[in-house]
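Student: Chain by chain, the residues run as shown.
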Amino acid sequence: MRGANAALGAAGLAAFLALGEAVPRLGLVGEEYFPPTSRIADALGTEAADGTFWTALGDTLTGWALGLAVAVCAGIVVGVLLSVVPYLREATASTIEFLRPIPSVALIPLAVLLYGTELRSVLLLVVYASFWQVLIQVLYGVRDVDPVAEETARSYGLGTWARIRYVLWPTALPYVMTGVRLAAAVALILAVTAELVVGAPGLGARIAVAQTSQAVPEMYALIVVTGLLGLLINVGARAVERRALAWHQSVRGEVAV
Amino acid sequence: MLDVRGLKKVYEGPGRRVEAVRDLTFTVAAGELVCLVGPSGCGKTTLLKCVGGLLEPTAGEVFLAGRRVAGPPPGMAFVFQEYGRSLFPWMRVGANVELPLRQKGLGRARRGELVADALASVGLADAAGAYPWQLSGGMQQRVAIARALAYEPEVLLMDEPFAAVDAQTRADLEDLVRALWRERGITVLFVTHDIDEAVYLGQRVIVLSASPTVVQEQLRVDLPDGRDQVHTRVAPRFAELRTRVYEQIQAAKRSAAGAPLKEPRRADAPPPH
Chain Y
1 MRGANAALGA
11 AGLAAFLALG
21 EAVPRLGLVG
31 EEYFPPTSRI
41 ADALGTEAAD
51 GTFWTALGDT
61 LTGWALGLAV
71 AVCAGIVVGV
81 LLSVVPYLRE
91 ATASTIEFLR
101 PIPSVALIPL
111 AVLLYGTELR
121 SVLLLVVYAS
131 FWQVLIQVLY
141 GVRDVDPVAE
151 ETARSYGLGT
161 WARIRYVLWP
171 TALPYVMTGV
181 RLAAAVALIL
191 AVTAELVVGA
201 PGLGARIAVA
211 QTSQAVPEMY
221 ALIVVTGLLG
231 LLINVGARAV
241 ERRALAWHQS
251 VRGEVAV
Chain F
1 MLDVRGLKKV
11 YEGPGRRVEA
21 VRDLTFTVAA
31 GELVCLVGPS
41 GCGKTTLLKC
51 VGGLLEPTAG
61 EVFLAGRRVA
71 GPPPGMAFVF
81 QEYGRSLFPW
91 MRVGANVELP
101 LRQKGLGRAR
111 RGELVADALA
121 SVGLADAAGA
131 YPWQLSGGMQ
141 QRVAIARALA
151 YEPEVLLMDE
161 PFAAVDAQTR
171 ADLEDLVRAL
181 WRERGITVLF
191 VTHDIDEAVY
201 LGQRVIVLSA
211 SPTVVQEQLR
221 VDLPDGRDQV
231 HTRVAPRFAE
241 LRTRVYEQIQ
251 AAKRSAAGAP
261 LKEPRRADAP
271 PPH
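Chains as they are written, first to last, in my numbering: chain Y, 1 to 257; chain F, 1 to 273.
Hints listed in this document are in silico derivations from the structure and should not be mistaken for laboratory results. Only a predicted model underlies this, so the values are computations on that prediction, with no experimental measurement involved. All C-beta atoms in this analysis are idealised placements derived from N, C-alpha and C, irrespective of residue type, glycine included. Please note that the accuracy of each hint is not assured.
[Claimed, not checked] Partner residues are not named here, just some residues of chain F that face chain Y (Cβ under 8 angstroms, in silico): (1) 52; (2) 72; (3) 74; (4) 78; (5) 80; (6) 82; (7) 85; (8) 86; (9) 89; (10) 99; (11) 103; (12) 131; (13) 181.
[To be verified] Ranges of calculated distance between the beta carbons of each label pair, as one might list FRET restraints: (14) F:70 with Y:109: 56 to 66 angstroms; (15) F:137 with Y:235: 32 to 42 angstroms; (16) Y:110 with F:19: 50 to 60 angstroms; (17) F:19 with Y:147: 21 to 31 angstroms.
With the hints as constraints, model all of the structure from the sequences given.
Tutor: Okay, here's the thing in structure tokens:
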């Protein structure tokens with residue numbers, strides 16, 4: 001079944017690539033705006049041989065990883081704090097509901113004013129966008145604590161810190177993992193967007209340069225790279241999730257008793 | 001050992017006031033096994049949580065070995081009915097049993113000894129490396145009992161621990177509790193809704209009234225200490241005792257249904273304190 005699915009997936013991808021090759025060749029779309037697959041692949045090869053491409057890739061990954069790390073840490077700490085300190089959750093709920101829907105890209109002017117085209121510009125946008133993903137999941141996760149588990153912990157004299165460490169955190173972990181996976185995807189989008197619009201160094205800025213210099217196949221090649229990055233990030237996040245949540249119902253599946 | 005005086009618990013909600021426990025006074029001597037039995041919904045769990053320091057009583061006091069209970073006391077262990085939720089699925093069996101011992105600040109070697117000993121005494125010496133959800137219901141409740149034993153409590157509180165397991169497993173677990181109690185000399189307060197279980201297990205049975213709860217009757221179980229499922233349950237004295245408890249529970253239900261409620265055993269039996 002697994003093998004059959006993989007074969008079907010590969011066939012689908014091959015058909016998609018073939019279509020990308022055929023449609024411009026047949027003149028259905030303008031070749032200068034929509035180069036065939038083979039030319040994009042060529043351009044990708046040229047990029048891979050270019051040292052500045054790898055620098056740009058490194059810049060994007062740095063912005064992504066730093067921003068994600070800050071957002072995840074902040075989201076977890078703030079989320080746990082809001083839930084553990086009495087009344088804090090209620091007091092902050094409306095503020096969070098107001099701040100959360102603000103699109104991160106709306107902060108681009110602010111980022112430019114504050115930091116120009118530095119890495120910090122990218123970080124501001126990435127952190128703002130991914131922080132909410134994590135925070136919201138943590139807030140839901142900590143509310144999921146089983147009252148019986150909590151009472152068990154209390155009856156055995158576990159203090160506040162021990163209950164956070166041994167009951168609240170493992171309960172919230174599946175939610176946190178979902179939050180991190182969502183945040184990782186959002187962080188990549190924002191990192192590329194920031195580079196593209198603000199001009200901070202990275203893949204986004206390189207796409208903008210390719211666009212203005214009419215290097216259309218190179219532009220597509222770079223877009224393909226960002227897509228591959230997104231794919232790798234998602235696969236990686238899922239692998240981490242499966243490892244960390246081996247005990248959880250969603251991962252362990254049915255167990256014969 | 002355990003001294004409950006004038007315990008009262010009222011749940012206050014918006015526009016709603018439920019008096020779960022009205023006035024409970026009883027004692028449990030050191031090393032005694034006492035069963036609390038009452039009609040369903042009579043506040044047995046509320047009572048046990050107040051005794052265990054998990055709930056703050058509205059009035060009255062609980063003393064454990066002379067010290068007033070305010071919050072879960074260190075000498076007390078609790079076994080819950082919902083074993084599947086009381087054991088932590090993210091920890092293996094060994095870690096589940098060990099966690100309370102870490103909190104007690106015991107050394108690594110001592111913890112290892114206690115965990116191995118407790119698991120062996122419930123017949124699960126090999127299960128330390130398994131996750132709780134890989135075990136059957138009865139085995140999970142054994143793990144919960146092992147966790148309580150490893151904690152080395154003076155008093156063991158059990159809240160309908162066998163209500164969710166099948167009848168055969170239940171009989172085994174009842175014998176396990178009696179064996180452990182005789183072997184280790186722990187004081188046990190065992191809450192159940194099952195009359196046969198209460199008589200089979202207990203040295204004394206306290207029958208509770210319907211909610212709002214008071215003590216309806218206290219009964220000494222004068223069956224021999226060596227009990228077994230086959231002979232004890234068909235002994236004439238067993239039948240007499242279970243009939244007596246059954247009648248008391250029926251009486252409790254009737255007096256709850258017929259208003260106004262007379263406060264049973266107050267005027268003629270003043271509290272001993």
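Student: A separate judgement is required for each hint: does it hold in the structure or not?
Tutor: For each hint, the structure was consulted:
Taken as an interface hint, residue 52 of chain F checks out: its beta carbon lies about 6 angstroms from the nearest beta carbon of chain Y, inside 8 angstroms. With a least beta-carbon distance of about 5 angstroms to chain Y, the hint placing residue 72 of chain F at the interface is held under the 8 angstroms criterion. Interface hint at residue 74 of chain F: satisfied, since its Cβ lies 6 angstroms from the closest Cβ of chain Y, which is below the 8 angstroms cut-off. Against a cut-off of 8 angstroms between C-beta atoms, the interface hint on residue 78 of chain F holds, since the closest Cβ of chain Y lies about 4 angstroms away.
Taken as an interface hint, residue 80 of chain F checks out: its beta carbon lies about 6 angstroms from the nearest beta carbon of chain Y, inside 8 angstroms. Taken as an interface hint, residue 82 of chain F checks out: its beta carbon lies about 5 angstroms from the nearest beta carbon of chain Y, inside 8 angstroms. Interface hint status for residue 85 of chain F: upheld, as the beta-carbon distance to the closest one in chain Y is roughly 4 angstroms, under 8 angstroms. Restraint check, residue 86 of chain F versus chain Y: the minimum CB separation of about 5 angstroms is within 8 angstroms; hint holds.
Hint status for residue 89 of chain F: holds, given a least beta-carbon distance of 5 angstroms to chain Y, under 8 angstroms. Nearest Cβ of chain Y to the Cβ of residue 99 of chain F: about 6 angstroms, under the 8 angstroms cut. The hint holds. The beta carbon of residue 103 of chain F is positioned within 8 angstroms of a beta carbon in chain Y (closest approach about 5 angstroms), and the interface hint is therefore held. Of the supplied interface hints, the one on residue 131 of chain F holds, with its beta-carbon coming within about 6 angstroms of a beta-carbon of chain Y, less than 8 angstroms.
The closest approach between the C-beta of residue 181 of chain F and any C-beta of chain Y is roughly 19 angstroms, which is over the 8 angstroms cut-off, so the hint fails. The hinted window of 56 to 66 angstroms between residue 70 of chain F and residue 109 of chain Y holds, with their beta carbons roughly 57 angstroms apart. Against the hinted window of 32 to 42 angstroms, the Cβ-Cβ separation of residue 137 of chain F and residue 235 of chain Y comes to about 38 angstroms, which satisfies the hint. Judged by the Cβ atoms, the range 50 to 60 angstroms given for residue 110 of chain Y and residue 19 of chain F holds: they are separated by roughly 59 angstroms.
Checked against the hint of 21 to 31 angstroms, the pair residue 19 of chain F and residue 147 of chain Y passes, with Cβ atoms roughly 22 angstroms apart.
The structure is inconsistent with hint 13 alone, although it conforms to all the rest.
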